[in-house]
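Required output: the full structure, derived from the provided sequences and hints.
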Amino acid sequence: MSFLDRRIHLVTGKGGVGRTTVAVALAHAAARAGRRVLLAEIGDPEGGYSAIGRKFGREHLTPEPEPLAEGIMGCQLCAIRGHELFVRSVIPAGPLIKAALASKPLRRFLVAAPSLHEMGVLYHILSLLKAKDRQGRPRHEVFIVDMPATGHTLALTSLPAIILDLLPVGPMARAMREGQSYLNDPTKAAAWVVTLPEQLPVSEALELLDGLRSTEMPAGGVILNRVPEDPFTEEERDALALLLDEKPMHGEVAFRRIGSAQISTAHLKQRTSLPVWELPEIFGPGDEEPAFSLADILAPLIAGTS
Amino acid sequence: MSAMTLTRLIHEKRVVVCCGAGGVGKTTVSASLALAAARAGRRVLVITIDPSRRLAEALGVDRDLAEPVALAPERARAVGIEEPGRLSTWTLDPKRISDRVVKRLSRDPAKIRALLENRVYKNITAMIAGMQEYTAVEALHEFVTSGKYDLVILDTPPSRNALRFLDSPTRAATFLDRRILRLFVPGEENRIRQAASRIIEKVLDIALGEGARKELQEFFQLFEGILLHLNRNQGEMKKFFSGDGVSFLLVTSPARAAVEEAFYFEQKARELELPLAGFVLNRSLAWASNRPMPHRSLLDEDASEVEVSALRKMRGLAKPEKDRGMRHLELLEELRRRSQGKGFAWVLPELAAEASDLEALSQLAEHLSEERPQPKRKPPRKRRSKSAVASVKKAS
Ligand SMILES: Nc1ncnc2c1ncn2[C@@H]1O[C@H](COP(=O)(O)OP(=O)(O)OP(=O)(O)O)[C@@H](O)[C@H]1O
Ligand SMILES: Nc1ncnc2c1ncn2[C@@H]1O[C@H](COP(=O)(O)OP(=O)(O)OP(=O)(O)O)[C@@H](O)[C@H]1O
Ligand SMILES: [Mg+2]
Ligand SMILES: [Mg+2]
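Protein chains in written order, with our numbering: chain A, -16 to 289; chain B, 764 to 1159.
Keep in mind the hints are simulated off the structure, nothing from the lab.
Some hints could be false.
Said to hold, decoys possible - Below, computed lysine-lysine pairings styled on DSBU-like, alpha-carbon distance capped at 35 Å: (1) A:K115 with B:K965; (2) B:K965 with B:K866; (3) B:K874 with B:K1002; (4) A:K230 with B:K1076; (5) A:K252 with A:K230; (6) B:K1031 with B:K911; (7) B:K1082 with A:K252; (8) A:K113 with B:K977; (9) B:K911 with A:K230; (10) A:K171 with A:K113; (11) B:K965 with B:K874; (12) B:K1076 with B:K1139; (13) B:K1031 with A:K113; (14) B:K911 with B:K1105; (15) B:K858 with B:K1002; (16) A:K252 with B:K874; (17) B:K858 with A:K171; (18) B:K1085 with A:K252; (19) B:K858 with A:K230; (20) B:K1139 with A:K230; (21) A:K115 with A:K171; (22) B:K977 with B:K866; (23) B:K1082 with B:K1139; (24) B:K1105 with B:K1031; (25) B:K866 with B:K911.
Claimed, not checked - Residues from chain B shown here face chain A by an in silico Cβ test under 7 Å; the list is partial: (26) G785; (27) G786; (28) S815; (29) P1055; (30) L1061; (31) E1068; (32) V1069; (33) E1070; (34) A1073; (35) K1076; (36) M1077; (37) P1083; (38) E1084; (39) E1113; (40) A1115.
Ideal Cβ positions, reconstructed from N, Cα and C, are used throughout, including at glycine.
If you want it as structure tokens, here you go:
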């Protein structure tokens, strides 16, 4: 099943590992392969800046998809938007409903209550997946979501089953089943776990894979980000290790990182049967955006069949 | 008011809250700071959130224990903790905390049972991600008022934006707002209210089905008393967080995005009038910035070819690392400037291995005590004519 044939990709992982960077790189790669891409992040109900937006030079994104770059639309997934869409889909629009949804306390409640927030987000995702263009084709062929850190991701992927347990019938149940029909189908959806080649992040990535499995969310693979390049032969490495014990010098931290990255990479590959994609550490002069060069490296993943 | 120092923080404060962007080292710094304070003779509790398995093992706790666990005496002594100093750890368990609140606040055993059995309640508290914020604050309050600890250090949950934690009392209050509840729970109030309730009931019946709507309503009814309490607590909590014994610590890594988040956070904390103690710049190479570059002179005369070529390749790694060290020093200066007169900026090194055992925590704890000098930028060279200054200015 190739990346481009699936409808939705959740990019997840622990905080700071590069989820946003990888999501943006995947979007560029898919757009270069000619797809209409939608790149989204979970909106922050309290406002604040947009991490995806910043990669494209803007502070904010709206719940409505807007063009970010050639072939890439971007939006913010928004719980309130999801709630509105849901209520409108089940109840004929009436002034009272409108008034109820416009009421401040209710809106605040919908955002603040833990599961209701995820529910709204999920419904918003669903509506974007189903959106059609004038020719009746999916408006967004490939939908890439920059997910929030681990716990929130699992809260979202476990939501349909929890809701169905609570509400086995009715429109909400139908919406959740529809959500499952996308998210739990490996031909339509995949989660990508981004992690770093270090001991702890790797073991956390393995835990996250277990968590995804328990929520029946299919995993596409692990993306090992910021893998340091290794210029040394084995003898050179041994010689340096000895020398550094006596003489501290610049480059030492990077040198040790190479060694520990190799150990944790091997550990990861041994513990998972999923494909593992390695992305190098990019040293841009200053703060150059790493997503562009990473998109080239991800091209085979995008095209490949695995 | 004199500026906050790290020593005062460790010796005098009763509560320290460690905030920062995801993955910067909040949990690690919380644990190291706790270790440093325990070494200084205080009874410390660190409330960690979702620690890695290895760190939890190092601290001697399981991930979901009912009560805090103190570090075993022989292990404590090995890392320099002597009586009366003590280091206890607890990992936040939202489900347990909210169950405890339910039990404490409701006198009616039938009600308690009904609530604990209610499926809405069960599922809401099981959704850990959302409940962490609400319960962290509640847990903190509970331990601080227990009197068993001189200092409680709170690690904060990773959230997309660290501010979520600060806003969580407000968010909880919103969630728990009585007026909202009234919409779900019909009472004898005025007719408009009742009409509104009926509409909402109808909407929920269509959306959720009648059975589920009833269960939801039951949940709100049962939960109302508890929410009221939390609401009341919330005012107290706000006072408590801006009180004298409390300090907020902003943890950041040198990554630009993390630093930006820390600054944003700083501003927000000032708006909310929260007592900021300062910054901790974690995982920094500032310490290493005065190391030598790899050079042939570091090798013996009779060095092997392998050594020579290894050292040559090392130069490729060394240059960016040196630059990073210099940038970290500059960043540290900036953090110092920002906290001048108010608090402190402290730097912790990037350790060779990951910071997930007692040995590593203890190394960081040592860096957190003021005996260890902090790195400084080299003072500008002395002989500097006027024209030299001018040319430097032009260059930058
Ligand atoms: N392969 C790479 N090489 C160099 N720098 C990288 C690489 N991947 C990510 N980065 C940098 O690491 C930092 C964190 O990346 P990013 O914001 O994508 O992480 P994240 O997981 O989305 O973080 P958050 O948890 O804050 O959302 C950024 O400064 C980014 O530029
Ligand atoms: N000074 C340090 N030197 C080396 N490694 C460190 C240092 N500080 C933290 N780490 C490592 O960085 C990783 C992240 O640290 P930690 O879990 O403390 O971050 P966090 O801010 O609590 O993350 P989260 O937002 O996910 O809760 C861990 O693997 C930890 O061992
Ligand atoms: Mg991000
Ligand atoms: Mg943590």
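Status of each hint after checking the structure:
| no. | hint | in the structure |
| --- | --- | --- |
| 1 | A:K115 with B:K965 | holds, 31 Å |
| 2 | B:K965 with B:K866 | holds, 33 Å |
| 3 | B:K874 with B:K1002 | holds, 31 Å |
| 4 | A:K230 with B:K1076 | holds, 16 Å |
| 5 | A:K252 with A:K230 | holds, 34 Å |
| 6 | B:K1031 with B:K911 | holds, 32 Å |
| 7 | B:K1082 with A:K252 | holds, 31 Å |
| 8 | A:K113 with B:K977 | holds, 31 Å |
| 9 | B:K911 with A:K230 | violated, 47 Å |
| 10 | A:K171 with A:K113 | holds, 13 Å |
| 11 | B:K965 with B:K874 | holds, 26 Å |
| 12 | B:K1076 with B:K1139 | holds, 29 Å |
| 13 | B:K1031 with A:K113 | violated, 39 Å |
| 14 | B:K911 with B:K1105 | holds, 30 Å |
| 15 | B:K858 with B:K1002 | holds, 26 Å |
| 16 | A:K252 with B:K874 | violated, 51 Å |
| 17 | B:K858 with A:K171 | holds, 34 Å |
| 18 | B:K1085 with A:K252 | holds, 32 Å |
| 19 | B:K858 with A:K230 | violated, 51 Å |
| 20 | B:K1139 with A:K230 | holds, 22 Å |
| 21 | A:K115 with A:K171 | holds, 17 Å |
| 22 | B:K977 with B:K866 | holds, 23 Å |
| 23 | B:K1082 with B:K1139 | holds, 20 Å |
| 24 | B:K1105 with B:K1031 | holds, 16 Å |
| 25 | B:K866 with B:K911 | holds, 22 Å |
| 26 | G785 | holds, 2 Å |
| 27 | G786 | holds, 3 Å |
| 28 | S815 | holds, 5 Å |
| 29 | P1055 | holds, 5 Å |
| 30 | L1061 | holds, 5 Å |
| 31 | E1068 | violated, 10 Å |
| 32 | V1069 | holds, 5 Å |
| 33 | E1070 | holds, 5 Å |
| 34 | A1073 | holds, 4 Å |
| 35 | K1076 | holds, 5 Å |
| 36 | M1077 | holds, 5 Å |
| 37 | P1083 | holds, 6 Å |
| 38 | E1084 | holds, 5 Å |
| 39 | E1113 | holds, 6 Å |
| 40 | A1115 | holds, 5 Å |
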